[in-house]
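Asker: Now for the letters of each chain:
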Amino acid sequence: MLSLHRTSLVVSAAALLLVFFLYASLGVLKPEATWQWLDIIGEGGTALLCGVWLVMMLSARPAGAVTSLLTIGLAGLMLGAWADCMDEFYKLSAVHVWDNWLEAACTLGGGLTLTAGLYFYRIEQLSLNEHLTKRERLFRDHRAFDRVTQLANADYLRKQLKAELDNAGTTRGSLILLDIDGFHAINREHGTREGDRVLQAVTHLLLLNVRRDDLVCRYAGDRFAVLLPATDTLQTLRMAEHLRRMIALMRHYPKAGNTPVSLSARHVCAAIEGNADALLDTLNQRLEAAGSGGGGAVRAQPLSA
Amino acid sequence: MHEYCHASSAFISCQHQPALVYDHARSADIAAAALLADCGLNEAAMSDPATRLSPAQVMRLVSNAARALGAPDTSFMLGQQMLPGHYGAVSHALIQATSLREALTILSTHHATLTPLLRPRLMTDGPFAVLYWTDTFGTPSLRPFLVEMHLTAVAAMTRWLSGERLPWHFCFNRAKPRHAEQHAVHLGTALRFECQLDAQLIDIDCLDRPWPRGNRVAMAAALRTADAELLAEPGRSSLLSVLYDYLHARITAAPTLEESARDLGISPATLKRHLALHGTHFQAELDQVRTHVSIYLLQVRHCDNEQVARHLGFHDAKNFRRSFRRWTGITPTLMRNTLLPAN
Numbered sequence: 001m002l003s004l005h006r007t008s009l010v011v012s013a014a015a016l017l018l019v020f021f022l023y024a025s026l027g028v029l030k031p032e033a034t035w036q037w038l039d040i041i042g043e044g045g046t047a048l049l050c051g052v053w054l055v056m057m058l059s060a061r062p063a064g065a066v067t068s069l070l071t072i073g074l075a076g077l078m079l080g081a082w083a084d085c086m087d088e089f090y091k092l093s094a095v096h097v098w099d100n101w102l103e104a105a106c107t108l109g110g111g112l113t114l115t116a117g118l119y120f121y122r123i124e125q126l127s128l129n130e131h132l133t134k135r136e137r138l139f140r141d142h143r144a145f146d147r148v149t150q151l152a153n154a155d156y157l158r159k160q161l162k163a164e165l166d167n168a169g170t171t172r173g174s175l176i177l178l179d180i181d182g183f184h185a186i187n188r189e190h191g192t193r194e195g196d197r198v199l200q201a202v203t204h205l206l207l208l209n210v211r212r213d214d215l216v217c218r219y220a221g222d223r224f225a226v227l228l229p230a231t232d233t234l235q236t237l238r239m240a241e242h243l244r245r246m247i248a249l250m251r252h253y254p255k256a257g258n259t260p261v262s263l264s265a266r267h268v269c270a271a272i273e274g275n276a277d278a279l280l281d282t283l284n285q286r287l288e289a290a291g292s293g294g295g296g297a298v299r300a301q302p303l304s305a
Numbered sequence: 306m307h308e309y310c311h312a313s314s315a316f317i318s319c320q321h322q323p324a325l326v327y328d329h330a331r332s333a334d335i336a337a338a339a340l341l342a343d344c345g346l347n348e349a350a351m352s353d354p355a356t357r358l359s360p361a362q363v364m365r366l367v368s369n370a371a372r373a374l375g376a377p378d379t380s381f382m383l384g385q386q387m388l389p390g391h392y393g394a395v396s397h398a399l400i401q402a403t404s405l406r407e408a409l410t411i412l413s414t415h416h417a418t419l420t421p422l423l424r425p426r427l428m429t430d431g432p433f434a435v436l437y438w439t440d441t442f443g444t445p446s447l448r449p450f451l452v453e454m455h456l457t458a459v460a461a462m463t464r465w466l467s468g469e470r471l472p473w474h475f476c477f478n479r480a481k482p483r484h485a486e487q488h489a490v491h492l493g494t495a496l497r498f499e500c501q502l503d504a505q506l507i508d509i510d511c512l513d514r515p516w517p518r519g520n521r522v523a524m525a526a527a528l529r530t531a532d533a534e535l536l537a538e539p540g541r542s543s544l545l546s547v548l549y550d551y552l553h554a555r556i557t558a559a560p561t562l563e564e565s566a567r568d569l570g571i572s573p574a575t576l577k578r579h580l581a582l583h584g585t586h587f588q589a590e591l592d593q594v595r596t597h598v599s600i601y602l603l604q605v606r607h608c609d610n611e612q613v614a615r616h617l618g619f620h621d622a623k624n625f626r627r628s629f630r631r632w633t634g635i636t637p638t639l640m641r642n643t644l645l646p647a648n
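Line by line, the protein sequences are chains A and B. So the first sequence is numbered by our numbering: it starts at 1 and just counts up by one. So the second sequence is numbered by our numbering: it starts at 306 and just counts up by one.
Isolated chain A, as found in the complex:
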């Protein structure tokens, strides 16, 4: 990401040097005995930290208006503190008033621009959150997202289940586990890359077919979990059956060849009660029993026409 912002970084570094040369050329070096070390550390440290924040921010953001505002703001604060720090080393004669102006303009201007940047950052973040509905609820944990499907993983699901269980006052929610039949055969015949694409397709399908408050997670492998807050058993069963039917209707076209792969899935659901780990254990066992009932024959087969 940093390479995107080379100009910003070069300009900021050049401004730091410029301020240094201004002070060094127009001012007189103060005798070392009169240096105020506490001020130097305080002001220099502030400049240094602002620089670190600037690099950290730029390394994580694409270019754009919000990024520019944040850059100008942080760079301004950094320059203000830097000028303040130079002030401790160089004495400028009274005819120079620009140094006070420089400090004030950088610090105040930087602060205001940063505030504007954060304001727009907030708006931007709220609109980005829209993209994450149905993928996260109530709290964020960036480590919990799966690389293939961009869904939250089992750890996140367990935390959500615990939150649901702790929330004793409200109506209990329900949980669905969905498992794709014969997914191993897709991996075997088309490769794991194609398997990943199937998981991504199923992810999209599930996200399109649940309510705004529901949460879709990738439990592990080809097993998905859907958490339905404040939903009774009958509604949950209907939702599970609907999702199963949607998966049965979908056709996945592998990258190589035009023969679609049809999918099918089986599901189990339960009201969220008791203990999160025990609930998941029970559901997994029931799902396994549901799978072995059909003889486990490979069901993900190419359609013949």
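I should point out that these hints are in silico values taken from the structure, not numbers from a laboratory. Predicted model only: the values in this text are computed from it and were never measured. Just so you know, even glycine gets a beta-carbon here, dropped at the ideal spot from N, CA and C.
Straight-line alpha carbon distances no greater than 20 Å define the calculated DMTMM-like cross-link-like pairs of lysine to aspartate or glutamate that follow:
(1) A:Lys134 - A:Asp232
(2) B:Lys481 - A:Asp155
(3) B:Lys481 - A:Asp281
(4) A:Lys159 - A:Asp146
One-sided and incomplete, this derived list gives chain A residues near chain B with beta-carbon spacing under 8 Å:
(5) Arg188
(6) Gln285
(7) Glu288
Fit chain B to the supplied structure of chain A, relying on the hints for placement.
Answerer: Chain B in isolation, oriented as in the chain A frame:
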């Protein structure tokens, strides 16, 4: 003189297990440089079919891939693709296997080609067939990963070839992980931890059920080629593997380091040094074999402590009980039921 190879002997074709690991990570956009770091290899070498890797290089590649991918399911995904694999005639033989017994027998015989990093060992004389995995080149830090990978490999292969999800039970010689969702989804919920043995068990009746894809004639032909290849290239078993076999065959006589070295055709000092290179020592290897034999006698043969003690050359059951506790941390009585499924 038994020939054996070292962790540094380059005998694994880069198109076998290394290609599997390499391609899996590369398809997830992991840089080749990150995968091959400290392997002593470059991209050109990996695409040259003549390149052979040592077990140490393969293990480095595996741990590089696991770290770079950072996914909780890497071991299981690699396992799913590992068998029958594309390892020449022996892979063809596996695909044509007509029953689980045949597949597992081929696997045990051709372990150096099929699973060079862990050695499968098959026991079929109880109510359950037991396939357990022992170290070949000593990899304590990678061991849990390799075990997950190999257990999955056999489960996935047999599921594919038999056309059904076989009722495997899995035992792990490790503490129960806090959460085992990957295990549960990829292997099923018949999981046991803290078992003293990394093994997979299956009802003995499953061994001889005919498999739909099998073809005895084709299998025999492929197997002849594979056996000839095996004979043409002896000494691909690891020291730990060879020593295990030796100790296992003579366990009642309580072999010493000196005797073992003599029978392996090397000096005791060399044996000690070679074991140290694998991060182990003679007593640890002997204790491991004794533990495995005890588990077999206690659980499969239903012997009592007295009988096991006699078999292993102990003076009495009390001595055996004390030693067993030292090897495993638990008493033989507690041990009696840890491997076999509850019912």
